[in-house]
Each structure stands twice: as C-alpha cells, then as structure tokens.
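Visitor: Respectively, the protein sequence lines represent chains A and B.
Residues in the first sequence are numbered consecutively from 0, following numbering that gives the first Met the number 0.
Residues in the second sequence are numbered consecutively from 0, following numbering that gives the first Met the number 0.
Errors might be hidden in some of the hints.
Stated by the list, open to error - Anything over 12 angstroms on all C-beta distances counts as not near chain A; from chain B, calculated:
1) Gly29
2) Ala138
3) Arg148
4) Ile241
5) Ile244
6) Arg248
7) Ile250
8) Trp253
Unchecked claim - A few chain B residues facing chain A, derived, Cβ under 7 angstroms:
9) Ser49
10) Ser102
11) Ile195
12) Thr221
What the hints assert, rightly or not - 25 angstroms max Cα-Cα, derived DSS-like pairs, lysine-lysine:
13) A:Lys187 x B:Lys28
14) B:Lys151 x B:Lys91
15) A:Lys36 x A:Lys48
16) A:Lys36 x A:Lys51
17) A:Lys36 x B:Lys151
18) A:Lys51 x B:Lys151
19) A:Lys43 x B:Lys28
20) B:Lys151 x A:Lys45
21) B:Lys94 x A:Lys187
Just so you know, these hints were derived from the structure itself, not from any lab.
Quick reminder that beta carbons are idealized off the backbone N, C-alpha and C, glycines included.
The lines below spell out each chain.
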Amino acid sequence: MTFLTDPAVRYWGGVITSWSSLASTTATFVGTIVLLKYHLPRIKNKSEKPIKHQWFYSLLTMSIMAVFVVTGLIYGMTSSTYQWLYQSWYSPITGLLNAVSAFFAVSAIYRAFRIRTLESAMLVIPALIILLYDSPLGAGMLSIFPGMTQLAEYIFTYTGPSAFRGFILACACGTMILSIRTIFGKEKGFLPAEEASVPTG
Amino acid sequence: MPLVVNLMALVMLIALCVIMIYGSTLARKGRVVYIRRIPGLDAIEEAVSSAVEAGRPVYYPEGAAGFGDAWTGGKMAALSLINYTAGICAEKGCKLLGGTISSPYIPLMDDAMRQAYTAHGRPELHDISDIRWFPGQMAYIAGTDTIFRYEKPAVQIMIGSWWAEALSFCEIGARSGAIQIGGTDYRPYMPYFIAICDYALIGEEIFIASAYVSKDLSVRITVLIEDIYKWIMIGFTVIGAILVISGYRQILGWFSL
Numbered sequence: 000m001t002f003l004t005d006p007a008v009r010y011w012g013g014v015i016t017s018w019s020s021l022a023s024t025t026a027t028f029v030g031t032i033v034l035l036k037y038h039l040p041r042i043k044n045k046s047e048k049p050i051k052h053q054w055f056y057s058l059l060t061m062s063i064m065a066v067f068v069v070t071g072l073i074y075g076m077t078s079s080t081y082q083w084l085y086q087s088w089y090s091p092i093t094g095l096l097n098a099v100s101a102f103f104a105v106s107a108i109y110r111a112f113r114i115r116t117l118e119s120a121m122l123v124i125p126a127l128i129i130l131l132y133d134s135p136l137g138a139g140m141l142s143i144f145p146g147m148t149q150l151a152e153y154i155f156t157y158t159g160p161s162a163f164r165g166f167i168l169a170c171a172c173g174t175m176i177l178s179i180r181t182i183f184g185k186e187k188g189f190l191p192a193e194e195a196s197v198p199t200g
Numbered sequence: 000m001p002l003v004v005n006l007m008a009l010v011m012l013i014a015l016c017v018i019m020i021y022g023s024t025l026a027r028k029g030r031v032v033y034i035r036r037i038p039g040l041d042a043i044e045e046a047v048s049s050a051v052e053a054g055r056p057v058y059y060p061e062g063a064a065g066f067g068d069a070w071t072g073g074k075m076a077a078l079s080l081i082n083y084t085a086g087i088c089a090e091k092g093c094k095l096l097g098g099t100i101s102s103p104y105i106p107l108m109d110d111a112m113r114q115a116y117t118a119h120g121r122p123e124l125h126d127i128s129d130i131r132w133f134p135g136q137m138a139y140i141a142g143t144d145t146i147f148r149y150e151k152p153a154v155q156i157m158i159g160s161w162w163a164e165a166l167s168f169c170e171i172g173a174r175s176g177a178i179q180i181g182g183t184d185y186r187p188y189m190p191y192f193i194a195i196c197d198y199a200l201i202g203e204e205i206f207i208a209s210a211y212v213s214k215d216l217s218v219r220i221t222v223l224i225e226d227i228y229k230w231i232m233i234g235f236t237v238i239g240a241i242l243v244i245s246g247y248r249q250i251l252g253w254f255s256l
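Okay, chain A solo, but in the shape it has when bound (with noise of 0.2 angstroms):
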C-alpha cells in the first residue's frame, strides 16, 4: 500500500487494515473475561487476599465496568452522558495517578544519577550539563564557565544525534528482519514450546 499508487490496491489496503479494529475490539473481550476470571471468584469467596477487603474492591471494580458498558451501550459513547462519565470519573483517575507517577520519576532519576560505573558517569555528566543547558537559571549558571555552553550545544547538536541515529538504524534493521522472519515463518519462537530451552551460545 505504501509502495504502490494504483487505487484498488490502496483502497483494499484500507479495508483489509480496518478488519483490524474488529480484532481489537473483539480482543476487548477477552480482555473483559480476564478481569472477571480475576475478580468474580474474589467477590464470591468474600476474598481478603492479596489484600484486606479485597472483594470489595473488586466488587467496585466491576460495578464501575458494569457502569460505562450499560451506559456505553444504550446511550452511546458520544452521548452526553458517557462524556459525563468519562470527564467526570475517569480523567480525574488518571490525572492522580499522572501526578503519583511524577514522584517515581524523580526518585527513578536520583537513583540513575548515581555514578557507580563509568558508564553511569558516561550518562550523567552530559546529562547534567543539557540539564543546565536546557533551563532558564540552569543556562545562567553553565554562562559562568567558559566554553561550558559551546560544549552543551556540541553535545546537543552532534554527539546525541549521531549515536540515537546509530540507534535508531541497528533498531530499523532488527524490525525489518524480524518481520521478514515472520513472513517467512522463521520467527516461531512463541510457537514450539520444545524450543525453549536454555541457549548453548
């Protein structure tokens, strides 16, 4: 489809690549027997395991699933009343945790800016120099030493890019041949269990 310009091909291109919503969707399903296998055993035992008051938690659980189906499939997911539902509960839900996460993030960040290795060291000193390069008070503060910005910007323009670029070809070139392998039904690895053994190198 990428490759020609001819409109039948592009137009069963399209439909053939929207068949794949109806997986998606039917894979919604699957996905919704997961979480019940999950959670109804849990409400029928009265559970407390692997916390205290777990069935009810997963009674709240389906309830809310319960809720925006019913409401989902009568009114519509463009209706009103789902938008409602969906600014009103969901949104605020994610933005918490949105804002919860940010406090991993720093944690995650002191605990990768330790320099234990060289290599860690290889890591954090350009890193702290674009830090500083890159914020208001911090760029002030990187001024005071002479070249100190030269050496930000070099790191910036050249150095990042030209080994995200090596990156990013290693990367291109193990995509395009695993796909061909799965084309070709070589990549079977998910396939035959008796393959999956240990490596002998």
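Could you slot chain B onto chain A? The hints should help.
Guide: Relative to chain A, chain B alone:
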C-alpha cells in the same frame, strides 16, 4: 503519477528478501552462526532460579507501546521471550505473571505462556488470570505497583516496546529489590533501562532474542543476515554523506519516504 512510490524503500526490501533466501541456503548447508553472549538473556535463567529460591513469582510486563503499528516488532520479540521465560519458569516450577495494556495481546501472551507450561508438563501453573490487563497507561503503573506490593515478584523482565511508563516500572521494581532485566527499541526510554536495570538489552538485541534462544540454524542465521544488511545500510550512509558533502543533495530525495 508513477506506479511505484518509495522506489528505494522497495529496492531495499527486495534486497533484504534476497539476502534472507541466501541465508536460508547457508543454513541448509549447515553453516553455524556464532552469536556473542547477551548477558541480559543469559541472566533470565539465573533470575528465575533466584525467584524459585525466594518462593516468589516472576513478572513480565510488556510495554504500553501500540500493537498494530510501528512498535509491533518489539511486541512480537517480547512474545518470544515470554515463551522462553515461561519455559524456564515451568522447568523450575515458578509462577509467571504477565502484564499488558493491549487487549489483543492477551490471547497471544496466554498462548505463549500456556504452550511453554504445557510442553514442560506443568499446565496447572498457568491460568489466564495470571495475565493482568490494565486498559490505560496510568492504570498500568498503579496496577504494577499493587502487584509488587502484594504479590512481591522477585524478578521483573521488561523487554519489549516501552513508552513513558518505563521509568515508573523500573522504579517500582527497584524499590521492591527485584532483579530487573529491561530492553526497548524506543530510543528516548533506553537510558532508563541502562541506568536502573540490572541487565539491559540495547535496541536491536531484543529483535535477535528469539534467534538467540533458538537452536534452529535457519533462525539463528537471520542474525548474520541482519548484520549483512546493517553493513549495507552503513555503506549507503557513508556514500550518501560523501555525496551530500560533495554537493549532490538530490540524493536525499531518493531516500525520503
């Protein structure tokens, strides 16, 4: 209007297929390919053993990258590794938990795990409810935190296509003291894995994982094919750079998609 657009891309794709056929011929002749050790993949067995000793499960979340777009390659590679990890878990009698954001991935993940457990005679160790579905990126982070808090996996394997959730996953795993093996083909999040995980697979290493763990010569030889193709690409890059520096900028148009 030309019949074929992106002519160079098509030529490169055909060239790749030709190299692939050549590689298959070499494999049929018994050509053995040496693949250098990849510590991250070798460490999976060791990590599962430590999980068995601790009596705790192994957690394999796959990244939140899309399924059915440019990131499908990473997800397919992850599927092979899920099968491989499940095989080791089955051998050692360990529970493997899976995590996904993408519902179409659930049956694939379930199948990969079920086949591995069944082949090793331990189908009772796997249930579809061991695969946790979190239909949202933030829910995925929160759910993983819950898994680590209450089910306490000893190992977290994060090899696949990862987006912004990667850092939070690494942090959650690191806080709980789990052994972490990570790798992604998405450039901006690769440094997190390198900085935080115990073992990291860099870029293309995740794509050769299935070939690495396979004993099939025709699969292993694809690593050699990839290297040949990569050298061709490097050759094009060098020639292109020389031509552009020399003033032949029109060559850039040949490769634009």
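Visitor: To test your reading of the hints: which numbers does this structure violate?
Guide: 2, 3, 9 and 19
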